[in-house]
Structure formats: structure tokens, C-alpha cells
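K.L.:
Numbering (our numbering), first residue to last: 1 to 217.
All the given hints hold, so there is nothing to weed out.
20 Å max Cα-Cα, derived EDC-like pairs, lysine to aspartate or glutamate:
no.: 1; residue 1: LYS157; residue 2: ASP77
no.: 2; residue 1: LYS165; residue 2: ASP77
no.: 3; residue 1: LYS159; residue 2: ASP77
no.: 4; residue 1: LYS145; residue 2: ASP156
no.: 5; residue 1: LYS146; residue 2: ASP156
Think of the hints as simulated: they come from the structure by calculation, not from any bench. These numbers were taken from a predicted model, which means no experiment stands behind them.
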Amino acid sequence: MLSIEFTDAFYQGSVCFFTILVWYYYLIGALNKRALVRVIVMSLLLGAGSVFVSDISYLIVVAAVMVGQIIRYHRLDYARSSIMIFLVNIQVIMSNILVYTSRWIILCAYGTTSEQRIYHYGHMVVLCYVVVMGIMNALIISLMKKYSSFINAMIDKIKYVELQKHIFGMLLILFVAIEGITIISMVKQITAIIQIPLIMSFFIMMVMMVWQMFFFI
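Based on the provided sequences and hints, a complete structural model is requested.
P.N.:
Below is the structure:
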């Protein structure tokens with residue numbers, strides 16, 4: 001993976017978790033001014049933690065959400081857990097692709113593969129990350145508004161046939177697989193050239209499974 005300075009890693013992590021948490025609160029219908037302040041504080045704390053534990057911070061967030069549900073409701077809320085895991089999965093995949101893409105951008109712009117020079121241009125990676133995230137989120141919001149009736153109908157059908165638990169299971173398997181790859185990559189120092197195709201293969205398989213479930217519904 002691409003190494004960047006501590007400050008750049010903090011900014012990237014904070015933006016990442018801010019995006020995840022804002023979407024999470026929005027999708028569960030709990031986004032308000034108070035929740036937004038909580039999201040900002042949590043994003044800064046998680047961004048600081050991600051500097052030291054890297055992608056393991058995603059695992060901590062998902063585990064915290066699930067444990068919190070068990071403590072509060074004495075059971076898992078499969079719908080909310082699925083939303084959080086889905087958002088984290090998408091974020092991890094996007095982050096890995098963007099980091100790998102940024103390496104090639106730096107290579108083309110400066111004609112170097114040196115880790116020291118790439119490390120020096122880490123702030124450009126973060127800037128690119130923020131811009132792309134903004135564009136992607138704007139696109140997703142526009143698509144959700146355009147197909148809101150279809151999305152609501154699908155949610156009602158999923159509840160009707162009681163597929164929440166099955167969807168949660170599939171998303172959890174994908175999450176564990178991706179986290180396993182990222183942790184092993186971090187420990188064994190596996191390059192992005194190997195890591196990203198592995199992550200994408202799991203993602204493609206999950207998309208195919210979701211597509212089949214769509215036809216089943």
C-alpha cells in the first residue's frame with residue numbers, strides 16, 4: 001500500500017469515517033444537528049486512531065456498532081448492522097482503488113516509483129481522495145433521489161420476505177474477507193498490485209450474489 005505522512009493519514013481517515021458515519025445516520029433516519037456534531041467528533045477521533053492501526057479501525061467501528069446493539073437491545077439489529085457493514089465495505093474498496101490509482105498518477109506526473117518521493121506527495125493523494133469522494137457522494141445522492149420509489153419498494157420487499165438476516169450474513173462474509181486481506185497485506189507488506197485484485201474479486205462475487213437475490217425478490 002501507499003505510505004503517506006501522519007497528518008495526511010489523519011485527514012484521509014477523518015474524511016473516510018465522516019463519510020461513513022454521515023451516511024449511516026442518514027440511512028437510519030437519525031441525522032440531525034446533534035448527530036452531526038457527534039459524527040464530527042467521532043470522525044476526528046477515529047481518524048487519529050487510523051494513523052496507528054490503519055484499516056483495523058474499520059473492524060473496530062463495525063464491532064463497536066454490533067456490540068452496542070447487543071448491549072442496548074439484547075440482540076443484533078440486522079438492518080442497521082447491514083447498513084454499517086455495507087458502507088464500510090464500499091469505503092474500503094474505494095480507498096484501496098484510489099490509493100493504487102494515485103500511485104500511477106504520481107508515476108505518470110513525476111516519473112518515479114521511489115517510495116520516498118511517493119511518500120513526499122502523500123498530500124496529493126489525500127486531496128484526490130477528498131475530491132473523488134465528494135463527486136461519488138454527489139452522484140449517489142442524485143441516483144437515490146431519481147430512483148427513490150424503486151429503492152423504497154425493494155426495501156419493503158426485503159422486509160416482506162424477511163431477507164435482512166441473509167443480507168447481513170453475506171455482507172459480513174465480504175467484510176471479514178476484505179479485512180482479512182488488508183490485515184495480512186499490512187503484516188506481510190503485500191503490495192497494492194496483489195491486494196486490490198483480491199479485494200475486487202470478493203466484491204464482484206458479492207455483486208453477483210446480490211444480483212441473484214434481486215431476481216429472487
